[in-house]
Amino acid sequence: MTAEVNDPRLSIAAGGSASFRPLLEWLARRAEPVAIGLVAILIGLALFSLFILAVGKSPVTLFQLMYTGGFGSWFSIQNSLSRAAPLLLTALCVALPARLGLVIIGAEGAVVLGGVAAAASAMPFIGVVPPIMLFVFMGVAAMVVGGIWIGFAGFLRHYRGVNETISSLLLAYIAIALMNQFVEGLLRDPASLNKPSTKPLPKDYMLGQIPGMDVHWGLVIGVVACILSWVLIEITSFGFAARIAGGNVRAAQIQGLPVGKLIVGFTAIAGGFAGLAGMIEVAAVQGSANASLAAGYGYTGILVAFLARHNPLAIIPVAILLGGISASGGLIQRRMGLPDATVLVLQGTLFIVILFCETFYGRFKIFNPDLWKRS
Amino acid sequence: MTKLLPMNRRNFLQASAAGLAAGTVPGLFGSQAMAQTALTVGFIYVGPKDDYGYNQAHAEGAAVIKKMPGITLVEEENVPETVDVQKTMESMINLDGATLLFPTSFGYFDPHMLAMAAKYPKIQFRHCGGLWTEGKHPANTGSYFGYIGQGQYLNGIAAGYATKSKKIGFVAAKPIPQVVQNINSFLLGARSVDPTITCQVIFTGEWSLAVKEAEATNALIDQGADVITCHVDSPKVVVETAAGRGAFVCGYHANQSALAKDKYLTGAEWAWGNVYTNFIKTAQSGGKLGNFVRGGLKDGFVKMSPLGPAVSAEGRKKFEATLAEIMSGKFSVFKGPIKDNKGNVVVTASTAFAEDAIELESMGYLVEGVVGSTS
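First to last, the sequence lines map onto chains A and B.
Quick note: the first sequence, position 143, residue 143 per the numbering used here, numbers continuous.
Quick note: the second sequence, position 135, residue 135 per the numbering used here, numbers continuous.
No lab work stands behind these hints: they were computed from the structure.
Check the hints yourself; a few may be wrong.
[Stated by the list, open to error] Quick partial rundown of chain B residues pointing at chain A, CB under 7 Å, derived from the structure:
| hint | residue |
| --- | --- |
| 1 | Glu60 |
| 2 | Glu76 |
| 3 | Pro80 |
| 4 | Glu81 |
| 5 | Phe106 |
| 6 | Gly107 |
| 7 | Pro111 |
| 8 | Pro177 |
| 9 | Gln178 |
| 10 | Gly205 |
| 11 | Leu209 |
No residue lacks a Cβ here, since even glycine has one placed at the ideal position from N, Cα and C.
So that you can see chain A by itself, here it is in the shape it has in the complex (with noise of 0.2 Å):
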């Protein structure tokens, strides 16, 4: 009772500031993960610049090429988004489990099983069915396939034990296993002699390109997906009661929340839209199922999941930006004569030093309101 009396008196107090006072806490709070982020890719990149000097090239150049690759022309940014495109749907995959506090880094095996199952779900119905309904057709069959798949990582954490970390990168080796073995036999088109493939969608069964860019329909449907994952995990009880077992599955069993079915869920939904990113490769990309769906996608998705907080509108920005930083590492191979491991270099240390500036959350009275108040 006393705050609520306190609060209009403080206000009083400030005097004209009053006004601003919310307005101030409302961007102090949302400024702390956008500045820490940002010294933290400051502080990479530095890091980064000593390792290129280091091998006696010049760090100044090189980010030049690297805008230039990314971002500096309608081309290179088209490029990046379409390297982007899957993870966004990969890092998800990532970061709904994490927000139930499980650490799934098995997308990989949702990707190819989808992409597998998109191509043998579309195979009956082309030319039977128009092509958006084989779209439909193809894309439940990829997320019901990799739900299944990442959602019994999630069932064996919950009812058996077994570490979700672990498991769900074990079944994605089994994944790429199960994948080979359909695509070289019961499903392989005879006529791939060299490169084992499913039969592939004719020309006008391809989920085609954004209309004036360059870029195929997967970003759209990963940036929706984010922003639905967002909405589930922000504004639904689902999600609330998700964020409640992320922060303490004991006091949420007390509480009476059904945490295997919210752990089964996420994790079912989180491989869905893996499941979904394969689809997409097959449908937009590939024209079938091959082994050259296991791209890495899922495993760049869990340094984009983390990279963004575990924050589905954040994955957006994020991806983007390595999509950006791979567009631009091939530019950095041709002119400077770097191997293409220096691309992974700066990708492991923007990781690394993001993933220890997690220690600066909380330390700086700036981005606290409540602690301004007693100062």
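Chain A is already provided as a structure; the job is to place chain B on it using the hints.
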């Protein structure tokens, strides 16, 4: 509505992107207009350039043409067979001004290179390993490959003289025609020395999977094989593991003698330097690049590593005699009667396939004496 300008939004954006690129890359347009002999050539590799294998063989070929006058070489390694390779090709075209591209991995062909060839009809694309077909594939594309099976046959001769246990081993990636033909050629070469020799084959299932390759090599040696060869992207692990265990080694893709020292008998290597030099000479003289370019040992597409010290005088004699016969163009590895390892006759007594016979391109059987199965 009449169209006033032949420029829609997409054209406009592309034109402005090109303008931006020209601004950031001074000299790009100058070099294009300078002379007919000036040529920017792009090479794309699926793995590292120094893998002692498939990619190194191509990079060595690229290094040969780099020294030719008027050539600007741009290279990119570790490019996955996804939308990434499409964007890498476009980036080389748009940002570096490349007009001739060599995407060297098999999986780059369909759909990636074909999509880019349709989009950039003025750029020339030549792909390693694909089966370019007139009427089916664009005229600005083509494929080149070498008949390296004869090289594996010569490897087999060296192995046949070196083996004491009469068991030789083959570490293979995937049961596809190119690999299967190498396995069969290797054993047929060994059996031309001693018809009791058998060859155990292990498929790892992946093009590059170091752990499994090491396990497979150890397993083969544990079962008594004392000469090992392989067909994986990077033979480094197989060669070092086998030599470390005291087995003899026959190389593949590139020269691995530095890795196995005196255990290295010989090796079947690509001679891409010759192939690329011919392409560049044709391009610089304004001629038409071939669309379907193939050749073997006698055409300079393939070469053998120098014989190692462990090859006996007798072995050397037979090796050189067979090589001379191959160079004369009268030799065929697959000469009937040949049975597969299930007892079926696969090449009848009256048949002898030349190295370019189309029947060999879809080989799915393992010949008698090969211990293993393709499925």
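Okay, the hints, checked on the actual structure:
| no. | hint | result |
| --- | --- | --- |
| 1 | Glu60 | violated, 16 Å |
| 2 | Glu76 | holds, 5 Å |
| 3 | Pro80 | holds, 4 Å |
| 4 | Glu81 | holds, 4 Å |
| 5 | Phe106 | holds, 6 Å |
| 6 | Gly107 | holds, 5 Å |
| 7 | Pro111 | holds, 5 Å |
| 8 | Pro177 | holds, 5 Å |
| 9 | Gln178 | holds, 5 Å |
| 10 | Gly205 | holds, 5 Å |
| 11 | Leu209 | violated, 10 Å |
Going down the numbered hints, you'll see the structure goes against 1, 11, while the others check out.
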